[in-house]
Amino acid sequence: MLAFVLRRILLTIPVLLLISIMVFSLLHLIPGDPARVILGQDATPGALLALREQLGLTKPLWEQYFSWLFNVFRGNLGNSLQSGLPVALLIEQRLPVTVELAIGTILLAGLIAIPLGILAAVYRGRIADLAAVFSASIGLSIPPFWLGIMLLLLFTVRVHLFPSSGYVPIWQNVGQNLQSMVLPIVATGVREAAVLLRMMRASLVEVLDAEFVRTARAKGLHGWTIVVRHAVRNALIPVLTQSGLQIAGLLGGLVITETIFSLPGFGSLLVTSIFSRDYTIIQGSALVVALLVVGVNLITDICYGLIDPRIRFSRGA
Amino acid sequence: MRRRTLLIGVLLVFVFVVAAVFAPFLSSYAPDQVDLFHMLSGPSSVHWFGTDELGRDLYTRILFGARTSLEVSVTAVLIGAVSGVTLGLISGYVGGWLDEWVIMRAMDALQAFPFLIFALVLGAVLGGGIVNAEIAIGIGFIPGFVRIARAQVLVQVHSDYVNSAVTVGAHWSRILFRHILPNILAPVIVQISLGLAGGVVAEASLSYLGLGVQPPDPSWGSMLRTAQGYLIIAPWLAIFPGVALALAVLGFNYLGDGLSDALNPKT
Numbered sequence: 001m002l003a004f005v006l007r008r009i010l011l012t013i014p015v016l017l018l019i020s021i022m023v024f025s026l027l028h029l030i031p032g033d034p035a036r037v038i039l040g041q042d043a044t045p046g047a048l049l050a051l052r053e054q055l056g057l058t059k060p061l062w063e064q065y066f067s068w069l070f071n072v073f074r075g076n077l078g079n080s081l082q083s084g085l086p087v088a089l090l091i092e093q094r095l096p097v098t099v100e101l102a103i104g105t106i107l108l109a110g111l112i113a114i115p116l117g118i119l120a121a122v123y124r125g126r127i128a129d130l131a132a133v134f135s136a137s138i139g140l141s142i143p144p145f146w147l148g149i150m151l152l153l154l155f156t157v158r159v160h161l162f163p164s165s166g167y168v169p170i171w172q173n174v175g176q177n178l179q180s181m182v183l184p185i186v187a188t189g190v191r192e193a194a195v196l197l198r199m200m201r202a203s204l205v206e207v208l209d210a211e212f213v214r215t216a217r218a219k220g221l222h223g224w225t226i227v228v229r230h231a232v233r234n235a236l237i238p239v240l241t242q243s244g245l246q247i248a249g250l251l252g253g254l255v256i257t258e259t260i261f262s263l264p265g266f267g268s269l270l271v272t273s274i275f276s277r278d279y280t281i282i283q284g285s286a287l288v289v290a291l292l293v294v295g296v297n298l299i300t301d302i303c304y305g306l307i308d309p310r311i312r313f314s315r316g317a
Numbered sequence: 001m002r003r004r005t006l007l008i009g010v011l012l013v014f015v016f017v018v019a020a021v022f023a024p025f026l027s028s029y030a031p032d033q034v035d036l037f038h039m040l041s042g043p044s045s046v047h048w049f050g051t052d053e054l055g056r057d058l059y060t061r062i063l064f065g066a067r068t069s070l071e072v073s074v075t076a077v078l079i080g081a082v083s084g085v086t087l088g089l090i091s092g093y094v095g096g097w098l099d100e101w102v103i104m105r106a107m108d109a110l111q112a113f114p115f116l117i118f119a120l121v122l123g124a125v126l127g128g129g130i131v132n133a134e135i136a137i138g139i140g141f142i143p144g145f146v147r148i149a150r151a152q153v154l155v156q157v158h159s160d161y162v163n164s165a166v167t168v169g170a171h172w173s174r175i176l177f178r179h180i181l182p183n184i185l186a187p188v189i190v191q192i193s194l195g196l197a198g199g200v201v202a203e204a205s206l207s208y209l210g211l212g213v214q215p216p217d218p219s220w221g222s223m224l225r226t227a228q229g230y231l232i233i234a235p236w237l238a239i240f241p242g243v244a245l246a247l248a249v250l251g252f253n254y255l256g257d258g259l260s261d262a263l264n265p266k267t
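Chains A and B, in that order, give the protein sequences. Under my numbering, residues 1 to 317 are what the first sequence spells out, in order. Under my numbering, residues 1 to 267 are what the second sequence spells out, in order.
The shape of chain A in the complex, shown without the other chains (with noise of 0.2 Å):
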């Protein structure tokens, strides 16, 4: 088992590096002089050098590298361009929001997904399993920022259930809190919810054909006992594992829904920074977001291996 850990965590190391390789190299992807792209053709010779000094561009291309890694290290983003004020600080103000829109996406997705991928794997074939299947489909079909536009076409403009925008902490309100996010989290969630339902009807129908299982009927257990006793148990871990690799595509497409409905998380941060070309927010968003995916994979991995020994001593991807 810490062979299979330590394993894990150093094929981590390498992509780290990439990553850092990759993140530092946005700046100098931007075509041209980056400084002049940032402050406009009209920028004054002054201005330009001051910029180029502040983000380091006058400094060779590996100092500039580890300059930026040990600051990096010392949790130290660099400032914003537009505020002045510390990247780190900004993400940090940023990110319980995510975290919230995030955790409340997971789960209405397995509040769905879960008792429906149930009953499409036990009644295979069925009315309720055609039904299931179809509602993914469905679901994985319709696009998020799209069916977040409908969301507020239905409950905010013809019907006023739900505030079209803005965004209260939990802390300050939880009522006015969960009328701002429930929105945000069903345009979100379906998406979520049919991927993890046509991931827990395959796991469910793998474990419903197996030998244990087979024994379960043939000692003359119940249906049903045997399914919730048995075999939901057995399904749910893939599936719970698996859904922890989801995190990367979640995240994308939280970027999209914050900014739909105007909520000042992580992801708006991006997109307004992407517009108002604050690179350095940009290097810094994905930064931390990279890590995050890292970091929760690798968490997945590890899980996985502990509850399942066959990972353990298969080679990996």
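It is possible that some hints are incorrect.
[Stated by the list, open to error] Label pairs and their in silico Cβ distance ranges:
(1) B:A30 x A:D33: 37 to 47 Å
(2) A:R158 x B:H38: 23 to 33 Å
(3) A:D33 x B:L98: 31 to 41 Å
(4) B:G229 x A:H160: 10 to 20 Å
(5) A:W224 x B:M39: 52 to 62 Å
(6) B:A262 x A:N177: 45 to 55 Å
(7) B:A186 x A:P115: 31 to 41 Å
Simulated from the structure, these hints should not be mistaken for laboratory data. Note that beta-carbon positions come from the ideal geometry of N, C-alpha and C, so glycine has one too.
Starting from the known structure of chain A, fit chain B onto it as the hints suggest.
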């Protein structure tokens, strides 16, 4: 059921492709034809899907938007498939440190960035526009194709035909591209279909955020972005492009699922 799924997928994709390719012949309006006397008109016999804030025919713009979506998604998938399959073939065949420590770790690093965020950031750096959107989305597709190709190669590399080719002294490139590649095309084709669905959504997402296709060129994403400002007075601006987008994605998803079932010898 499976055959029905494939048929529905083929039908939807066919409609999408026909709409994209023959857009100029399927409408009597130009996509940028402004009519200030009929701004924000509802659906009618003259304008089937209504008009937008500049009086442009929405049905026409949806047809031409399909063209944009098709162009971007096909180009992006080509970039992803050609690069990804080549890398996956090499990675799976060569193995060793090149496979485990270089190529697969590079793919892990690439996949650490959520697809849309990667496309956004790259688009922000390279600038908006259709070409940069194609590059950004295409690079995001590479890891998926690498993994699929590599997984298939790891199975095929122990086959008798590969051993025979090695025995007669065939060059590794010949073995990879003349012998192994044709035998791994089935899952790659499925991935291409699912990639096209992803490409359509990615293009719409980038355009919605203002980083993909630039106005006045029509794009479903930018139409939805504009529609959000007119939800109260012109809801059709959001409904029709969104339905078109959802049907296109559904078609490619069904096509991919159907092909996966049809090409998988186990089912």
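Hints, one by one, checked against the model:
The supplied range of 37 to 47 Å is met by A30 (chain B) and D33 (chain A), whose beta-carbon atoms lie about 39 Å from each other. At about 25 Å, the CB distance of R158 (chain A) to H38 (chain B) agrees with the hint of 23 to 33 Å. At about 36 Å, the CB distance of D33 (chain A) to L98 (chain B) agrees with the hint of 31 to 41 Å. One distance hint, 10 to 20 Å for the beta-carbon pair G229 (chain B) and H160 (chain A), holds here, with the actual separation near 18 Å.
In this structure the hint that W224 (chain A) and M39 (chain B) lie 52 to 62 Å apart at CB holds, the actual value being about 59 Å. Between A262 (chain B) and N177 (chain A) the beta carbon distance is about 48 Å. The supplied range of 45 to 55 Å therefore holds. Separated by about 34 Å at the C-beta atoms, A186 (chain B) and P115 (chain A) satisfy the suggested range of 31 to 41 Å.
Of the numbered hints stated above, none is contradicted by the structure.
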